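This is what each chain is made of:
Number of protein chains: 2
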Amino acid sequence: MTTVTLSESNAPASVGVVTPETLVIDDPLTLTCGAVLPSYQLVYETYGKLNEQASNAVLICHALSGDHHAAGYHHEDDKTPGWWDHYIGPGKAIDTNVFFVVGVNNIGSCRGSTGPASINPATQQPYGPDFPMVTCADWVVTQAKLADHLGIEQWAVVAGGSLGGMQVQQWAIDFPSRLKHAVIIASAPRLSAQNIAFNEVARQAIMTDPEFHGGHFLANNTIPKQGLMLARMLGHLTYLSDDLMGQKFGRELRSGHVNYSYDVEFQVESYLRYQGEKFATKSNFDANSYLLMTKALDYFDPALEHNDDLVAAYAPIEAQALVVAFTTDWRFSPERSLEMVKALRQAGKRVVYAEVESTHGHDAFLLPNAYYEQVFAAYMRRVAVESAL
Amino acid sequence: MTTVTLSESNAPASVGVVTPETLVIDDPLTLTCGAVLPSYQLVYETYGKLNEQASNAVLICHALSGDHHAAGYHHEDDKTPGWWDHYIGPGKAIDTNVFFVVGVNNIGSCRGSTGPASINPATQQPYGPDFPMVTCADWVVTQAKLADHLGIEQWAVVAGGSLGGMQVQQWAIDFPSRLKHAVIIASAPRLSAQNIAFNEVARQAIMTDPEFHGGHFLANNTIPKQGLMLARMLGHLTYLSDDLMGQKFGRELRSGHVNYSYDVEFQVESYLRYQGEKFATKSNFDANSYLLMTKALDYFDPALEHNDDLVAAYAPIEAQALVVAFTTDWRFSPERSLEMVKALRQAGKRVVYAEVESTHGHDAFLLPNAYYEQVFAAYMRRVAVESAL
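Residue numbers (the working numbering), protein chains in the order written: chain Y, 3 to 391; chain D, 3 to 391.
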């Protein structure tokens with residue numbers, strides 16, 4: 003392993019200011035659940051330049067509360083870059099000097115692509131709870147439409163973390179010839195009962211909030227703020243590791259002494275309340291979208307239609323894979339990544355696996371980490387060399 | 003290790019039908035938080051017979067939602083025995099043919115001892131949110147009053163699991179000469195930041211329920227049912243192990259196929275909703291008591307006043323200790339028990355440690371388990387032999 007020290011002058015840079023684009027697709031889409039979307043739109047961003055052979059395209063699939071904005075800034079004064087900015091940009095692991103990178107918001111979400119907060123053409127009202135269930139398989143179909151639109155017959159790489167990594171698997175299974183490499187990070191071949199249980203508690207928090215109004219909260223000029231807050235607190239708590247929370251907060255008291263009250267006593271309470279509150283009030287995340295995303299996580303299970311045989315589910319795959327897991331990620335643990343690696347190998351696929359030391363739990367896939375960066379960058383360089391990019 | 007096969011005729015039996023008793027204490031009690039309870043009552047049960055020297059008494063300390071009813075039945079047709087009935091009774095680990103066992107409900111709880119649902123003599127209304135914060139140190143003081151009343155100068159054993167194990171530690175520290183043995187099961191020397199965070203999510207679920215009314219729900223003829231349900235779902239989920247949930251439910255679908263709806267899809271959802279619903283509607287557990295119990299968990303930290311030095315905190319202890327942990331308990335993991343064992347040993351105390359294989363997570367301390375039973379019974383036999391009982 004070589005440690006590269008970067009001088010200021012050749013430090014990785016940002017893709018800069020980016021502007022989302024919109025693709026409207028007027029073909030009706032029959033979803034896995036049986037419902038039909040008469041039309042839908044996809045909001046996406048691109049970074050870098052598609053080469054003449056269209057052989058350098060990378061698709062980024064987002065996780066639960068993510069979106070198309072994976073890198074760069076939305077305006078000159080924007081302080082918050084895209085969610086995977088540490089790993090996408092000129093000179094970064096996904097080097098935009100080499101690759102043409104596409105980030106897309108999934109349908110059912112709420113960042114511009116058609117979802118529960120969008121207007122239902124049949125009623126001229128927001129879909130709300132009538133927006134149909136969407137699955138990873140549905141998303142992959144819509145992402146393939148975007149690829150068609152962009153003139154990309156085959157992705158050099160499809161990459162994603164967590165729920166994003168499930169979409170990567172779905173791509174490799176459903177469109178074997180349309181990607182050369184699958185980069186699956188902090189993901190799993192399917193959720194465990196415990197994972198589903200955490201999602202269910204979050205859903206119940208939202209759905210039992212009196213402001214939820216059976217999903218018609220927008221029509222009632224309200225939002226289920228408490229439910230969203232609780233769901234986010236719980237999500238946040240489980241995406242961090244016990245170690246990290248211990249290091250970060252320990253049992254530190256907010257006011258330096260015990261007050262014997264229900265106000266914040268420990269710093270960790272303050273942090274969690276702040277995160278929950280911020281998400282519920284400032285993120286504008288649609289509660290129906292939150293529910294849909296957790297259900298998409300629950301439903302992903304490619305082995306189901308193969309008698310729980312993951313090797314059989316992976317049989318159609320043609321892509322090579324990079325699988326990455328993080329030591330303290332207890333919601334998508336290294337064991338779950340190893341299930342995928344083992345099944346891919348048994349199915350005769352070429353796969354590289356890296357277990358990255360990190361104290362950051364599930365969130366590690368979003369955060370700077372030297373070894374993770376090196377593994378990721380090395381893999382992407384191999385992709386570039388093999389494809390003569 | 004000897005395996006004893008029990009024939010039907012000498013199989014351990016129940017303590018039978020028991021009747022709770024009440025002790026009213028009219029001395030004012032100054033609590034750790036500074037508040038004063040002018041008077042209070044304790045509800046308790048006893049099993050077995052106190053010997054002449056009063057040397058065979060065992061105190062059982064309960065956990066978050068537990069109570070004084072640790073063994074036996076409340077009437078002839080009662081189908082649900084006390085919460086530790088597997089381990090308390092004639093011929094059981096805590097053998098009521100040998101020991102005189104006392105179960106007591108703690109103040110602040112809601113099973114008969116004075117708590118938030120009790121009438122505040124100053125207002126003639128339920129205390130509600132005005133009931134003061136209680137700590138393990140407060141409970142131990144009240145339990146010592148009960149010991150005085152029963153004529154017990156020194157407990158042969160003080161035993162408890164989880165929050166109960168914290169009370170055992172508190173006893174050993176605060177009243178060194180009043181117990182010969184401390185049995186600390188599935189417990190910790192203090193909660194981690196992650197533990198506190200789980201408690202905080204549960205509290206927020208209760209406190210943000212519109213039916214909570216700032217704790218005055220009884221005065222409003224209602225209860226914060228959704229909050230209690232969410233708190234219990236979350237508690238339940240974290241008291242089970244990932245392994246057990248996998249074995250018990252896996253990804254089994256309730257109706258045998260996917261319905262793409264927010265109704266129950268997976269058996270684990272059904273189970274959790276049932277548990278949450280049952281607790282919120284049928285247990286009559288007071289929401290203010292639930293909050294108080296989680297705070298008592300958060301606050302327990304004997305090392306705090308010793309510069310985080312647990313060895314110093316344990317220095318006054320005279321009791322010998324048995325510490326038991328369960329392999330899949332991730333809320334009170336074996337590592338946490340080992341912290342106690344290590345500190346007790348460094349403080350020069352005599353301590354036996356057992357790590358019990360179990361798939362049942364934190365709940366294991368309540369459930370039948372052959373090795374746990376053998377360790378527990380062997381320790382109690384040693385206590386009996388040493389004290390010539």
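Hints in this document: simulated from the structure, not taken from any laboratory. The model shown is predicted, which means the values in this text are computed figures rather than measured ones. We put the beta carbon where it would ideally sit given N, CA and C, even for glycine. Wrong hints could be hidden among the right ones.
Claimed, not checked - Not everything, but these chain D residues come out facing chain Y in the computed CB check (under 8 Å):
#1 Arg-113
#2 Asp-132
#3 Met-135
#4 Met-209
#5 Asn-223
#6 Thr-224
#7 Met-247
#8 Val-270
#9 Tyr-276
#10 Asp-303
Claimed, not checked - Sample of chain Y residues with no beta-carbon within 10 Å of chain D, all distances over it, derived:
#11 Tyr-42
#12 Gly-114
#13 Ile-121
#14 Gln-206
#15 Lys-297
#16 Val-313
#17 Glu-341
Do the hints match the structure? See the list:
Among the interface hints, the one on Arg-113/D is violated; its C-beta lies about 22 Å from the nearest C-beta in chain Y, farther than the 8 Å criterion. Interface restraint check: Asp-132/D against chain Y, minimum CB-CB distance 12 Å, threshold 8 Å, status violated. Restraint check, Met-135/D versus chain Y: the minimum CB separation of about 4 Å is within 8 Å; hint holds. Taken as an interface hint, Met-209/D checks out: its beta carbon lies about 7 Å from the nearest beta carbon of chain Y, inside 8 Å.
Nearest Cβ of chain Y to the Cβ of Asn-223/D: about 17 Å, over the 8 Å cut. The hint is violated. For Thr-224/D, the shortest C-beta to C-beta distance to chain Y is roughly 12 Å, which exceeds 8 Å, and the interface hint is violated. Interface hint status for Met-247/D: upheld, as the beta-carbon distance to the closest one in chain Y is roughly 4 Å, under 8 Å. The beta carbon of Val-270/D is positioned within 8 Å of a beta carbon in chain Y (closest approach about 4 Å), and the interface hint is therefore held.
Interface restraint check for Tyr-276/D: the shortest CB-CB distance to chain Y comes to about 12 Å, outside 8 Å, so the restraint is violated. Among the interface hints, the one on Asp-303/D holds; its C-beta lies about 7 Å from the nearest C-beta in chain Y, closer than the 8 Å criterion. With a closest Cβ-Cβ approach of about 18 Å to chain D, Tyr-42/Y is found to remain outside the 10 Å limit, as its non-interface label requires. In this structure Gly-114/Y is separated from chain D by more than 10 Å, as the shortest Cβ-Cβ distance comes to about 24 Å.
Ile-121/Y, annotated as away from the interface, keeps every beta carbon of chain D farther than 10 Å; the closest lies near 22 Å. The claim that Gln-206/Y lies off the interface is violated: its Cβ sits roughly 6 Å from the closest Cβ of chain D, which falls inside the 10 Å cut-off. Interface exclusion of Lys-297/Y from chain D breaks down, the closest Cβ pair being 8 Å apart, not more than 10 Å. Every CB of chain D is more than 10 Å from the CB of Val-313/Y (nearest about 17 Å), matching its label as outside the interface.
Remark: the non-interface label on Glu-341/Y is consistent with the geometry, its nearest Cβ contact in chain D lying 12 Å away (cut-off 10 Å).
Consistency with the previously given hints fails for numbers 1, 2, 5, 6, 9, 14, 15, ordered from lowest to highest.
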